[in-house]
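Participant: The lines below spell out each chain.
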Amino acid sequence: MPDLVVSKLEVRAKAERGAPILVRDASFTLSGGEMSILVGPNGAGKTTLLRAAMGLLTPSAGRVRLGGEDPARMSPSKRARKIAWLPQIRPLAWPNRVRDIVSLGRFAYGASPGRLGEEDAAAVDRAMAAAGLAAFSERSADTLSGGEIARMHCARALAAQAPLLLADEPVAALDIRHQLQVMTLLQRHARRGGGVLAVLHDIALAARFADRLLWMKQGSIVASGPCEETLDSKRIESVFGVRAQVAEKRVEIEEPI
Amino acid sequence: MLSSLSSGEHLVVPLLLLATVIALFAACLLGSTPLGVHRVSAALLFPFRSIGEGETSAVLASGLSVQAADSLVIWQIRLPRALAAFMTGAALGASGAALQGLLRNPLAEPGVLGVSACAALAATFTIYYGLASSSGLGAYAVPIAAIGGAVAATALLAFAARRTSSVVTLILIGVGLSAFAGALMSLLLNLAPNPFSLAEMINWMLGSVANRSYDDIALVAPFLIAGFALLFTTRRGLFALTLGEEAAAGVGLHLGRQRVAVVVGAGLAAGAGVALAGAIGFVGIIAPHLIRPLVGHDPARSLLPSALLAGLILVLADIGVRLLPSATELKLGVVAAIIGAPIFIWIAARRRSDHG
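First to last, the protein sequences are chains U and H.
Residue numbering for the first sequence follows the numbering used here, starting at 2 and increasing by one per position.
Residue numbering for the second sequence follows the numbering used here, starting at -9 and increasing by one per position.
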């Protein structure tokens, strides 16, 4: 199981010195069997941190190691076999078939959607079934609802069978039921030994699913730990600028400060 | 309807191949002097070179007799012309399909990225300076210049593609390139030294496959094949790009390499196409557009069928050009644009309504 180790990471908006710092001094480790959730207000640097951890951005300081290697220097397909990436959902360029999109999860194994090997087809079928998409196989993706599209992208990420998974707002714009469906899907991956790091905006949802919460504010990780240790009304107030009532894992947001 | 999507898919390529063979045969059949099926078949089976010197006809074992003149018309005029139309179309269709996959935009094609314009400009330039002649090495000046122009344009695009991750930027560079080449071309037309070179330049800009020989085809074939080969290596990546660049990189696509390979491959193929027939627009947009629904909208699976269909369209359009009774023969590029431009507008308008 390759761990993702991020240490003292700093990312600037541009490569030059003096450019605005988007992420500063960020350190965390993601291991298998754990569901970590990254929370923080808009502009806190959550997406930037995830992208830098994937090796898609070059940090100005600090380092990232994925199973001991720098993901930015790994071949993209080798990286993809170790860590799956679920960026914020963007519309597909073409109205492709659902199964073909999920098959892209097997890209790093050399599979093409038109011709899947036995192992690839099995992984795709498993991921489709887990996401409840078995009946949608031949459907065109532009006929799916928002919730079905989110599940399709999850299935695509899960089909890669990568030990680690980074997800950027996997439940954005979904209704509550579909939020729970997608989060359950990711949690199941973690329970089976996968390591998941997801960005969420809903603190209550995060508290419900997280084994560990990472709190981010103005580019820094200001707290990190299980809900019992890091989730309280004071922290919500300082990170998000809202008053909240916290009772164990229940969170009730009251009003902006 | 949904199951028919996949069940008919494997028939697309064989059917297109069959249609292409029929169209090429029809192109030999039809023309200003129509030849009958038996005369064309006999001539095709019996190339004129093998008819003995001084003879005007030969008799095949099957009893068909072959006129030397028929054989000459078919083998030296109609067939190379039809093949040139097919190859030009195939080059444009494949580059169009690949560029559309790369840029995630159904309106992309060599024309949009300025590749055709630069190729045509370079060709026009050689004509202007009288470097082109009808005999000797001068005959190769125009094709070589066209390929050079296309490769220069793609090299510029490839360089830009390495520096920026934005596809919009790439398209805008292409638009700028296209406009600049167009302006220089107008300048050359304004300054054309005599009516003869003016006519020749216009000939080139409008696009035509009249009077193409096997030599013309052989000259561009290596570039065309290299371009095709490069494009075919990018097929899987083209499909991954439907997810967007970031997610495509996430599933294991090497973005930079993919961009360079597609741009150079499309440039080589399109440059060879322009070298063969001049600037012919829109076929690179229409063929992939028709093919996509048949192959699950997968740019990878649409590459080969788009090439075949675009080739087929140009062979048919060229038959039309030859059959239309007009004092001077219409230009293939003009016919292609008259059919293609309204379809282009229709695609563009529909896309707008789909994407809000």
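Keep in mind the hints are simulated off the structure, nothing from the lab.
Each hint should be verified, as a subset may be incorrect.
To be verified - Below, computed lysine to aspartate or glutamate pairings styled on DMTMM-like, alpha-carbon distance capped at 20 Å: (1) U:K15 / U:D4; (2) U:K9 / U:D26; (3) U:K83 / H:E236; (4) U:K218 / U:E149; (5) U:K79 / H:E236; (6) U:K218 / U:E256; (7) U:K15 / U:D26; (8) U:K15 / H:E236; (9) U:K250 / U:E35.
As the list claims (entries may be wrong) - If the Cβ cut is set under 10 Å, some of the chain U residues that face chain H in the computed set are: (10) K79; (11) A85; (12) P96; (13) G106; (14) R192.
The beta-carbon is built from N, C-alpha and C at its ideal position, and this holds for glycine as well.
Participant: All hints, please: hold or fail.
Facilitator: We went through each hint and held it up to the structure:
Restraint check: the Cα-Cα separation between K15 (chain U) and D4 (chain U) comes to about 28 Å, which exceeds 20 Å; the hinted pair is violated. With a CA separation close to 4 Å, the supplied pair K9 (chain U) and D26 (chain U) stays within the 20 Å bound. A threshold of 20 Å between alpha carbons decides the hint, and for K83 (chain U) with E236 (chain H) the separation of about 17 Å falls inside it, so the pair holds. With a C-alpha separation of about 32 Å, the suggested pair K218 (chain U) and E149 (chain U) falls outside the 20 Å cut-off, and the hint is violated.
For the proposed pair K79 (chain U) and E236 (chain H), the alpha carbon gap of about 16 Å is at most 20 Å, so the pair holds. Our distance criterion of 20 Å between C-alpha atoms is met by K218 (chain U) and E256 (chain U), whose separation comes to about 19 Å. Taking the CA atoms of K15 (chain U) and D26 (chain U), the gap is near 17 Å; set against the 20 Å cutoff, the hint holds. For the given pair, K15 (chain U) sits about 18 Å from E236 (chain H) by alpha-carbon distance, which is consistent with the 20 Å threshold.
With a C-alpha separation of about 18 Å, the suggested pair K250 (chain U) and E35 (chain U) falls inside the 20 Å cut-off, and the hint holds. Proximity of K79 (chain U) to chain H holds as hinted, the smallest CB-CB distance being about 8 Å (cut-off 10 Å). The closest approach between the C-beta of A85 (chain U) and any C-beta of chain H is roughly 7 Å, which is under the 10 Å cut-off, so the hint is satisfied. Satisfaction of the interface hint for P96 (chain U) is found here, the shortest Cβ-Cβ separation to chain H being roughly 5 Å, below the 10 Å cut-off.
Nearest Cβ of chain H to the Cβ of G106 (chain U): about 7 Å, under the 10 Å cut. The hint holds. For the restraint placing R192 (chain U) at the interface with chain H, the shortest Cβ-Cβ distance is roughly 23 Å, beyond the 10 Å limit, so the hint is violated.
Consistency note: the structure conflicts with the earlier hints numbered 1, 4 and 14.
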